[in-house]
Amino acid sequence: MTLVDERETVEKEEVNPRLERRARRQESWRGFFHAAPAYVYLTLFFVLPLLIIFVFSFASRSNTGKPLLENWNLDSWARLADPLVRTIAVRSLTMAIANTVLCLLIAYPFAYWIATRARQRTRTLLLIAVLIPFWSNFLVRTYAWRMLLDSDGYITQLGQLTGLWERMLFTQPAVFIGLVYGYLPFMVLPLYAALERMDWSLVEAGRDLYASGSKAFRRITLPLSKPGIIAGSILVFIPSLGAYVTPDILGGAKTNLLGNLIVTQFQAARNWPFGSAISGAILIVMLVATMIYFRTGGRTI
Amino acid sequence: MKRIFALLAVMALVVTACGSEGTTETTEAAGGSGTTEAPAEGIQAVANACADGATDGGPLNLYNWAEYIPTGALAEDAELDDLLAKFEEEHGEKVTQTIFNSNEDMLAQIDAGASYDVIVPSDYMVVTMRDADLLVELNRAAIPNLDANIAELFSDPGYDPGNRFSAPYQWGTTGIGFSYDAIDDTDGVSWAVLFDPEAAAPNAGFISLLDDTRETLGSALKYLGYSLNTLNTDEVDEAADLIASTNEWIAAFNSGSYWGLLTDGEFTVSQGWNGDFLAEFDRISEYDEDGNLTYDGYEDFGYAIPIEGSAAWVDTMAIPTTAEHPCTAQTFINFILDAENGGTLTNFNYYASPNEAATEYIYEEILEWDAIYPPPETMAILEFFLDLGDMNNYYADAFTRAKG
Amino acid sequence: MTTLHQGAAAGTRVDRSLTVFGWLVFAFLYLPIVVVVVFSFSGSESVGRWGGFSLRWYDQMLGSEQLMNSLENSVVVALISTAVATVLGTAAALSLDRYRRWVGRGAFDGLLYLPIIIPDVTMAVMLLLWFTSTGVIPLGRGSITLAHIAFNISFVAIVVRARLAHMDPAMEDAAADLYANRWQAFRRVTLPLIMPGVLGGALLALTLSLDDVVITSFVQGPGSTTLPVYVFGLIRRTVTPVINAVSTLMIVVSMVLVLASLTLQNRTGRKTDSKETDQ
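Protein chains in written order, with numbering that gives the first Met the number 0: chain Y, 0 to 300; chain C, 0 to 403; chain L, 0 to 278.
Keep in mind that the hints were calculated from the coordinates and are not lab data.
You can trust all of the hints, since none of them are fake.
Pair by pair, the computed Cβ-Cβ distance ranges are:
| # | chain 1 | residue 1 | chain 2 | residue 2 | range |
| --- | --- | --- | --- | --- | --- |
| 1 | L | V75 | Y | W28 | 34 to 42 Å |
| 2 | L | R186 | Y | W28 | 17 to 25 Å |
| 3 | C | E376 | Y | L68 | 48 to 56 Å |
| 4 | C | E376 | L | V135 | 54 to 62 Å |
| 5 | Y | L221 | L | N180 | 48 to 56 Å |
Okay, the calculated bits of chain L under chain C, using three or more residues with CB under 8 Å as the criterion:
| # | stretch |
| --- | --- |
| 6 | 126–134 |
| 7 | 219–226 |
Every residue gets a Cβ at the ideal spot worked out from N, C-alpha and C, and that includes glycine.
With these hints in hand, go ahead and build the complete structure from the sequences.
Right under this line is the structure:
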């Protein structure tokens, strides 16, 4: 992008200011024109619905659960302090963080292996091999674990044989396994991309300066791969926080996370305003976290 | 046969007793709209103008519980008429069925504006939906079987006087289905096996409860000795806390697939509905080529109504105001209320029929079956659900707390 | 590509443990998928037990009208939403990358990130509320398509933007110098250069649309269910081996998509990648 900047400074010295202004206005109009369709679409189908959620979160609750657009109140927001919400929020946060950490611990050596130890041709094959589960339907992958973890499943039988566990399905560990499995590829790919793009001559330089293998890794590779770590962590953490399908299929409606809590408000719990408030709250937290990330110099994915 | 009449006599007592309570409750809850006016002029006018047997386009969108109506592979296996296909043959309109697992889920969808032509709400839900102006008043001229075939007992129920907004579909009971490995006998079964830590301990990790606000709270209330329609917030809280305490030994909350999971071995003790269990135990029974029984599902599994009492309920057919084909809907309801179809229905889902004319088409063994047509002493400990008016939300919140 | 550090002699132990670990992870990734595929050919009625080779579940799958209907819905929704989202998303990416100053640019940049950080459930809920309150669009295939476009635009925009960042803007200037007007410059120069990005974005959008469960299940109407939502319902009701057959089908589709994407990227990418400077 430096090319463009250079050109601009050169032109500034030579061109008529009036033409300059007109060119700028044209550029402004063209930029807007390109963005307009998406802008309009997102305003209609994203911004406005978002506003509706906030509006409904202040509404009162009818007998059937639908919001009554009268008697505006802060009840739903006050309910966020409920011990129930706190328990579920803590559980969701713990699971999301644990999930992210575990995915990172598994994905990093794995991505490192593909990026550094495999030859060019094998690397493409290995990548394809990683992409296939990634591109497979999330539901199918979660269902596969449902099969492996039920009473007839191999994992359960293995546990019974070794005496380590009696049953796996409908337990919290089951949900956790499902989450790790579901989101592992999201961690592998950014890590691989970051490691592949790295300048390995820096590591060589470090070795030349008598750094041991592990020191070179800690001081050079690890910090340089940080963008990949952060990108992968975001890609895993955010969906894990709002997970709904995995706890539903593997948790037996017992391990309730924030996603399940929200959905329940719109069904059995008959409390749409409260569901809206929780959704709004999560979104605000995400927004704040993302803004902090960008402010502290994070780069785009 | 004699049993049936004795049973009906007792039920008459039970239902009408609840009935009078119910009417007072609803007039209060509805607050002025005691004689509910027919809603949404447009669709009501259409429904009122429908002739008997008329259809106004399709496909008919049926919103129903799982495996409640014989169709597809299951109907084939049971060698019974596929009622949805039969309707299409006789009236020329296709039927598309969507499944829901709880009244509240169905309510949320209808409330959100989803368009279904026929829904199958339970008794108490009819009250809620009627009060929220979500139901179309039924046009009797278009549903002659409603007056002709329904047993007297169900023709003026408390939850919907005169069956103005709903037509009875099936009725049944809630209880405990179990493997004989877990519980010895169908006699003397208690809710304690679900709620008491000591009684539940042998089966810990293999127990399931229904994922249903009224049903699960109801069974807890019954275990504690209260009515399952109580308006006392302390009692409801006690029940919710009881359910919350079961978290250690409950495997799952499940309303939609527990019967299969029971026979698969995932659960050994499950709270559930009689028909679901009994139909499943029959389904896993095996017969050889000559039709002789080689494996009897009923040897390994049983169903019992706990001694503390339980719920009896009536499921109904109704037409929501979001329906697109009210005439076809009314014709469908009439079709289901036909004597032979009513018999097929019960023979398939093993629930008791409110359709008197269907009696001659129902298998003898089902009519004689205590678990489906309970004897008077059992009916005495069964309670019907009532609408709770303003307490509905309290129950809902209590259950969310209990599950969380 | 700079030469990679091949591993000094002292690192062979690390090498071997990395390799072992790598294969273990692959085993972990593939075990469930393999089990599902294998058991889709099992004749037993019990999901996890082997009952001899049989194609009955594929039979049942193809014969199930509801299943085929949901498959049709999935494909139609995916194709339409991908097409629209790709066009809108590419235009959006261009607007941000090529034009640095226009009214509302900053807000637009931020707006594009929202659909990515928002949790699925929140988006599902707000779209449901939106469709039912305005009442203009009934819940059905239309509402599902509109919902999918809404989240896909951002993903396409990000992928195309990443590609645009690598593109040398001098190309367009060169075209202008050669008397090409803006449209010609776009069609003949820019578009081919960013095509791998556009295709990548389109492929991503297609996958996300086919994959979606939560948002679709909230905004669907009767009869308009998509394949994953239908399977989700099946899993919650009765776990029968038909689900294995359907899953295998979906896995095969993904494999095809992956191979297609890689072939496309390789073919179009190779032409332009040679221009990129090495790190």
